[in-house]
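Dock chain D against chain W, hints included.
Line by line, the protein sequences give chains W and D. Heads up: the first sequence begins at 1 in this note's numbering, then just goes up one per residue. Heads up: the second sequence begins at 1 in this note's numbering, then just goes up one per residue.
Simulated from the structure, these hints should not be mistaken for lab results. Glycine included, each C-beta is placed from N, C-alpha and C at the ideal position. One should not assume that every hint holds.
Stated by the list, open to error - So the derived label-pair ranges between C-beta atoms look like this:
#: 1; chain 1: W; residue 1: P262; chain 2: D; residue 2: K30; range: 28 to 34 Å
#: 2; chain 1: D; residue 1: S25; chain 2: W; residue 2: Q100; range: 32 to 38 Å
#: 3; chain 1: W; residue 1: H23; chain 2: D; residue 2: E11; range: 50 to 56 Å
#: 4; chain 1: D; residue 1: G26; chain 2: W; residue 2: S286; range: 20 to 26 Å
What the hints assert, rightly or not - In silico SDA-like cross-links for lysine to any residue, where the CA-CA straight-line distance does not exceed 20 Å:
#: 5; chain 1: D; residue 1: K28; chain 2: W; residue 2: T65
#: 6; chain 1: W; residue 1: K291; chain 2: W; residue 2: G86
#: 7; chain 1: D; residue 1: K15; chain 2: W; residue 2: L118
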Amino acid sequence: MFSLRDKELADDIISQITKAKVHLKFMHVCGTHQDTLVKHGLDVLLQKCGIEIGQGPGCPVCVTTPKEIEEILLLAKEGKTITTFGDMTRVPGLTSSLQQMKTEGCDVRTVYSIEDALLLAEKHKEKEVVFMAVGFETTAPTTASVLLRDPPLNFSVLCCHRLIPPALQAILQMGELKIDGFIEPGHVSTIIGVKPFEFISKEYHIPQVIAGFEPLDLLMGVWMLMRQIQQQKAVVENEYVRAVKPRGNRKAQQILQNVFEPMDVKWRGFPVIPRSGLRLREKYESYDARKKYEAELGLLVEEKFTEPRGCLCGDVLRGLISSKQCPLFGHECTPDSPVGPCMVSSEGNCHILYRYTKK
Amino acid sequence: MCLAIPGKIIELDKKKQTATVDYGSGTKRKANVSLVKIKIGDYVLVHAGFAIQVLDEKEALETLSLFKEMLSLQEER
Numbered sequence: 001m002f003s004l005r006d007k008e009l010a011d012d013i014i015s016q017i018t019k020a021k022v023h024l025k026f027m028h029v030c031g032t033h034q035d036t037l038v039k040h041g042l043d044v045l046l047q048k049c050g051i052e053i054g055q056g057p058g059c060p061v062c063v064t065t066p067k068e069i070e071e072i073l074l075l076a077k078e079g080k081t082i083t084t085f086g087d088m089t090r091v092p093g094l095t096s097s098l099q100q101m102k103t104e105g106c107d108v109r110t111v112y113s114i115e116d117a118l119l120l121a122e123k124h125k126e127k128e129v130v131f132m133a134v135g136f137e138t139t140a141p142t143t144a145s146v147l148l149r150d151p152p153l154n155f156s157v158l159c160c161h162r163l164i165p166p167a168l169q170a171i172l173q174m175g176e177l178k179i180d181g182f183i184e185p186g187h188v189s190t191i192i193g194v195k196p197f198e199f200i201s202k203e204y205h206i207p208q209v210i211a212g213f214e215p216l217d218l219l220m221g222v223w224m225l226m227r228q229i230q231q232q233k234a235v236v237e238n239e240y241v242r243a244v245k246p247r248g249n250r251k252a253q254q255i256l257q258n259v260f261e262p263m264d265v266k267w268r269g270f271p272v273i274p275r276s277g278l279r280l281r282e283k284y285e286s287y288d289a290r291k292k293y294e295a296e297l298g299l300l301v302e303e304k305f306t307e308p309r310g311c312l313c314g315d316v317l318r319g320l321i322s323s324k325q326c327p328l329f330g331h332e333c334t335p336d337s338p339v340g341p342c343m344v345s346s347e348g349n350c351h352i353l354y355r356y357t358k359k
Numbered sequence: 001m002c003l004a005i006p007g008k009i010i011e012l013d014k015k016k017q018t019a020t021v022d023y024g025s026g027t028k029r030k031a032n033v034s035l036v037k038i039k040i041g042d043y044v045l046v047h048a049g050f051a052i053q054v055l056d057e058k059e060a061l062e063t064l065s066l067f068k069e070m071l072s073l074q075e076e077r
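Only chain W is shown next, with the shape it has when bound in the complex (with noise of 0.2 Å):
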């Protein structure tokens, strides 16, 4: 619909970033924005220019706990048809992931969108039909406007959606690094707006800015954090205005607000994080699987969940360490034969990694 590259534009960002000689840290949180800067190697050309820029929490799967694993690999195991998107269904759990309980006759199905799940709960009225809700408020939306249009009661969704703002706020506040600047993910954005931003500028004195996706949007992000690192401010600034609207989208936001509460949840590598998960709100919980099998989640209890032996999956999604400091990175986990999620999710650090250097 119209191209945003520019080679002149891109080589004036990089010279102005050099001239200006500094050393900062950035993080984003955000697959998409990993793999443009991976895919087109900005992660190297800006580190020559003394900025590193990493990502944080920002990747659904990755972030999904082991316990959220376990609890769907036992509802599927009871016989439950689950349905959730493709790269949560390679994800391993204690002794299996669903892509193997499928191959030993348990009923997972891959799908595109939350409608692909309802349309077969639909069709199918003698299957128990779960779909694992993960996403972030990108997502989100879109589970509670399925659930708004009265689903079959043989639906019903296993909710781990997250917000991104109050992972923000964990990270600054349990303080394991340095961080001179966010790049904001950009769809997120446009369902939330700038405002939900704002507090971290205020509370942390952090820049902020939402950028898109395309190689030059990040170029631009970046500048524009320097910028204001510079002129010594902290706020929030839009850099990707042709899809972020100030306010987001009112409408999500109301669908959201009608379905969902905000609850305390725990993330990957993360303890538990203040109103940065969200559940069905009492109206929905019929179609809640948490309480629908109460049951048999019940048995999960007593369980342990801990991360696979040996897997720094935590440290990465708190941006301690770069994928390659991993020791089973490329050795014992690779995406063929994943230990953690992050080597899981083609949005997770490590596959990302991987996938761009590795082969």
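Just chain D now, with coordinates in the frame of chain W:
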């Protein structure tokens, strides 16, 4: 996961809240449009089968010139 693809609305069924989206190169698919207010001809971002936002065509076309302006202003400082 948060990947969203831009496309143009070419057919709209308001009752069913679905639309046909043309992604270019002959690729057309149905999308749910319950999360957005749209009309035929609008460009939208589609994520997991749902249009999540209408793209601002004017802003999109002006993005490059805006970037250039910002950079030249900084250069002059």
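Right, here's what the structure says about each hint:
Checked against the hint of 28 to 34 Å, the C-beta distance between P262/W and K30/D comes to roughly 32 Å, which is consistent with it. Distance hint for S25/D and Q100/W: a CB-CB separation of about 36 Å, consistent with the stated range 32 to 38 Å. For H23/W and E11/D, the hinted distance range of 50 to 56 Å is satisfied, since their beta carbons lie about 53 Å from each other. Checked against the hint of 20 to 26 Å, the pair G26/D and S286/W fails, with Cβ atoms roughly 42 Å apart.
Between K28/D and T65/W the alpha-carbon distance is near 36 Å, which puts this suggested pair outside the 20 Å criterion. Distance hint between K291/W and G86/W is unfulfilled; the C-alpha atoms sit about 25 Å from each other, more than 20 Å. About 18 Å separates the Cα atoms of K15/D and L118/W, which keeps this hinted pair within 20 Å; it holds.
This entry does not satisfy hints 4, 5 and 6, going by the numbered hints stated previously.
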